[in-house]
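Residue numbers (my numbering), protein chains in the order written: chain A, 73 to 396; chain B, 108 to 458; chain C, 158 to 426.
None of these hints come from the bench; they were simulated from the model.
Treat the hints loosely; a few may be bogus.
[To be verified] Ranges between beta-carbon positions, derived for each pair: (1) A:H250 / B:R175: 38 to 46 Å; (2) C:G231 / B:S351: 22 to 30 Å; (3) B:R443 / C:G312: 24 to 32 Å; (4) B:Q142 / A:L252: 43 to 51 Å; (5) A:H250 / B:D180: 34 to 42 Å; (6) A:W164 / B:V414: 29 to 37 Å.
[Claimed, not checked] Some residues of chain A that are not near chain B, with every Cβ distance over 12 Å (derived): (7) G78; (8) L184; (9) P342.
[What the hints assert, rightly or not] Residues from chain B that keep clear of chain A, each with C-beta distances beyond 10 Å, as calculated: (10) T115; (11) A188; (12) L261; (13) A265; (14) R339.
Beta carbons: idealized from backbone N, C-alpha and C, even for Gly.
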Amino acid sequence: MRYLLGRTLHAVFLLFGVSLLTFLFSALTPGNYFDEMRLNPQISRETVAALRAQYQLDRPLPVRYAHWLNAVAHGELGFSFAYNSPVGPLLWVRARNTLLLTITATLLAWLLALPLGVWSASRFGRAPDRVLSWTTATLLVIPDLVLALGLLILAVRTGWFPTGGLASVGFENLSPLHKLRDLASHLALPVAALVLTTLPMLVRHVRASVAEVLDAPFLRAAVGHGIPHRKLLYGYALRAAANPLISLFGFSVGTLVSGSLLVEVVMSWPGLGPLLLEAILARDLYVVIGGVLLSMIFLVSGNLFADVLLYWSDPRIRIAASAK
Amino acid sequence: MTPPRRLTRWLVALVVLHCVVAGAGFFAPYDPVEQDRDHPYLPPMRVHLMDVQHHFHSRPFFYPLRLREGSFDQYQEDTAAAVPLHFFIRGADYPLLGFLPSRAHLFGTDGTRIYLLGSDAYGRDQLSRILFGGQVSLLAGLLGAGVTLSLGALIGLAAGYYGGWRDDLLMRTAELFLALPWLYLLFALRAFLPLTVSPLEAFLLVVVVIGMVGWARPARLVRGVVLSVKERDFVRAARGFGASDMYLLRRHILPETASVLLTQAAILVPQFVLAEMTLSFLGLGVPEPTASWGNLLASLQQYSVLVSYWWMYLPALAIVPFFLGYLGLASALQQRAGTYKIDEQSSWSPT
Amino acid sequence: MQPLLRVENLVKHYAAVRPASPKDKFAALDGVSLSIPARTTLALVGESGSGKSTLALCIACLEHPTSGSIWFEGIDVADLHENQRRLLRPQMQLVFQDPASSLNPRWTALEIVSEPFFVQGRFSKQERGDRACTWLDHVGISRKMANRRAAELSGGQKQRLAIARALALEPKLIVLDEALSALDYSVQAQICNLLLELQSSLGLTYLFITHDFSMAAHVADEIAVMDHGRIVETGPSEKILRSPAHDATRSLLAATPRVPEAQPTLVNS
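Isolated chain A (complex conformation):
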């Protein structure tokens, strides 16, 4: 228990650190949202000044940070200049879309990686394994930007999939089944892009961990006991190989918010990615900080989640932790 408490505290510190860093950053760098406005001759100086005062941009940095911390403690994340609305709801809508995309992609990737990796490990060095290794190696060499753009072009030229957005026009009028189909067709491309970029590495990790375990004496003893092959692979080998995979899973959970940034922008998926990019370009400070913080929360929680899972699943860690 103390172990987990310690990790949680650690995580909170990390969050503080990041928020401070981001704030500091914005202060040290030139330019802010209202610079653009100032250049516009139609808006009077007084209006700009009044707006700045309203958003407290002329107060010193520590004051602003303190105010912001206070707001966060009350559940508010600040105010967006560009959208003229509170940051919280803005992020929430987009975050939901992002999570829809990433959760689907992550689940799919893991559901494919585990059997593929285990199967590959069980046929280590033989033809099926080598074919898979070659495929993953090829996929690894193609960066995500290239892959995403390539898929987009494919979609456009074949017309099989829509090339952007979450839903077609007239979505509301569709029957539930058709709504699902429509959603699925919109999800297909971004999910494919995400899965194809993360799957190769996952398969490699699973294969490596399981292959290492398959050599172990205890497994050979199990074979000697006559345990059926499939149960051997999944019940014994995979469980023993689980530790690094659990950490990896935690990492997958951690990147649920931040990992799809590029894909979302390229494929026009209305998630956090495009919002953040816009906000950065427009210097919409609180949106940026809110977005960074949200992704950090996920990252940190992901690691924490992995720690908890490891603690729960591996008795060696429990013993080591309680010995301290």
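Using the hints provided, position chains B and C relative to the given structure of chain A.
Positioned in the frame of chain A, the structure of chains B and C alone reads:
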């Protein structure tokens, strides 16, 4: 293949690829910023050896493209006017290796321009732009990796050697940086700095920004090496002769970190090239008219381009052989060092 | 005549790895005193963990004792400023147990032996090479071997190299921390021989640390027995061997493998 030979194979391949890009002026037929407004979005032209009358020509030639009757973006070959290809021709000026003036090009034509990979909205030759763009992107990646590794090595050495509170502080900071989503950090870093700057300034900015994002992992690795070497007896023995800290770091400890740094370099360079591509693609990197692989792809953000002009995607493929080369090099280096761990090749991000 | 080396009440504490309380520490040395007259050999015998290596490191000024004093030729070493100590370092050198770790495997034999000159900033490059070759000759490493990397040498050659390096600065005192323990018996005998020769020709003083009583008896004039950070018994070799007074001494003696027909005979190298 024995490990040293594998290593050599990848190294040679990479060197060849880099030489082609470095010699962009020679391999490219045209200047990358030279426009030809009469021929926007021309598809790639084909080189023929056999003409329409089935006569064989020893000198390759191509047919210029003319607009099809009644359309405004459909082209067809004008088989009446064959234009021969010349090799080792004198063409536009360019600085070889950045300072030697030269006019030699591998191939080219007198008159009608040949667009082997098509042209863009302003009629600029895509092949030339890809080659010159490679110079920018690769250089950004190499320099960025240089910055990151220098920073990481310095910090890792200091943390590992001096230990104590310095070590704690530096490693906690490293943990912080490792915990940040790197793409977000990259964008935020870049975008909070002035957006409209000259191409050179933008380039330097990109290099610095990329370099500062990824120092944490090399720093940790270097620190690990330092910690293990510091306790070895030959370091103690040298101290026994009266060696200073600087001497120990320089002559005993630093050489041990070389292998780790080299492997990290092979992993980081392609990641950083990709980072530059991503930044430029989104308008945060090297601006027009300077070509970089990233901003060559920027036009794909328009739906019309996606639909009709597929050859604008080709710059994206240019990076793939480089990725392959660096990945192969990295794995060969790791196998040679006996430290092949699958973790080192995690996803295309420094974190 | 004052002894070359005198250690008085040396104490060395290390912080515990898993401190149960802030004051938790481990006493590697718990009040060690000894003295070595010039040109003699003192053997320090004890089990692993008795603190022998810690003592060696403290004497060679590679660790700072928690308390106590070390007198070298009448000078209190602990009292000195690091710059002054640096001047004194060449006088006392250490040969480590594991030559694979104490020699940088990437360096050649010549580089390793020249390193002390380089660090001390003495002599020109040419002279450094010449002097290094001389020392290599002294320990019996041929010129051919001189340009080989340390990793390519055998265990015995490595240890000779380590000795050559220790001799380079012409020290008065050499501490040998289990320097022969990692070698084969026959090689041990050769190196032992070498050490004795060098002692008589160069007038060296040795602190010979070992866990092997028979070797100690062979090389040393006096033996000191160490147990749990303290010296429990000292005296001339013969006396200790024949009539050990302390329990620790007795158990160590009992554990030493004895080949019938007494002491190992030296093979002339």
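Results of checking the hints against the structure:
For the pair H250 of chain A and R175 of chain B, the supplied restraint of 38 to 46 Å holds, since their beta-carbon distance comes to about 41 Å. At roughly 27 Å, the beta carbons of G231 of chain C and S351 of chain B sit within the given window of 22 to 30 Å. At about 26 Å, the CB distance of R443 of chain B to G312 of chain C agrees with the hint of 24 to 32 Å. Hint check: Q142 of chain B to L252 of chain A, Cβ distance near 49 Å, so the stated range 43 to 51 Å holds.
Between H250 of chain A and D180 of chain B, the C-beta spacing of about 36 Å keeps the proposed range 34 to 42 Å intact. The beta-carbon spacing between W164 of chain A and V414 of chain B, approximately 34 Å, falls within the hinted interval of 29 to 37 Å. The beta carbon of G78 of chain A is kept farther than 12 Å from every beta carbon of chain B, the shortest such distance being approximately 14 Å. Annotated as non-interface, L184 of chain A keeps its C-beta farther than 12 Å from every C-beta of chain B; the closest such distance is 16 Å.
With a closest Cβ-Cβ approach of about 16 Å to chain B, P342 of chain A is found to remain outside the 12 Å limit, as its non-interface label requires. Listed as outside the interface, T115 of chain B is consistent with that label: its C-beta sits roughly 20 Å from the nearest C-beta of chain A, beyond the 10 Å cut-off. Once the 10 Å rule is applied to beta carbons, A188 of chain B is consistent with being away from chain A; the minimum gap is 31 Å. The beta carbon of L261 of chain B sits about 20 Å from the closest Cβ of chain A, which is more than 10 Å, so the claim that it is off the interface holds.
The non-interface label for A265 of chain B is consistent with chain A: the shortest C-beta to C-beta separation is roughly 20 Å, beyond 10 Å. The beta carbon of R339 of chain B is kept farther than 10 Å from every beta carbon of chain A, the shortest such distance being approximately 28 Å.
Checked against the numbered hints given earlier, the structure satisfies every one of them.
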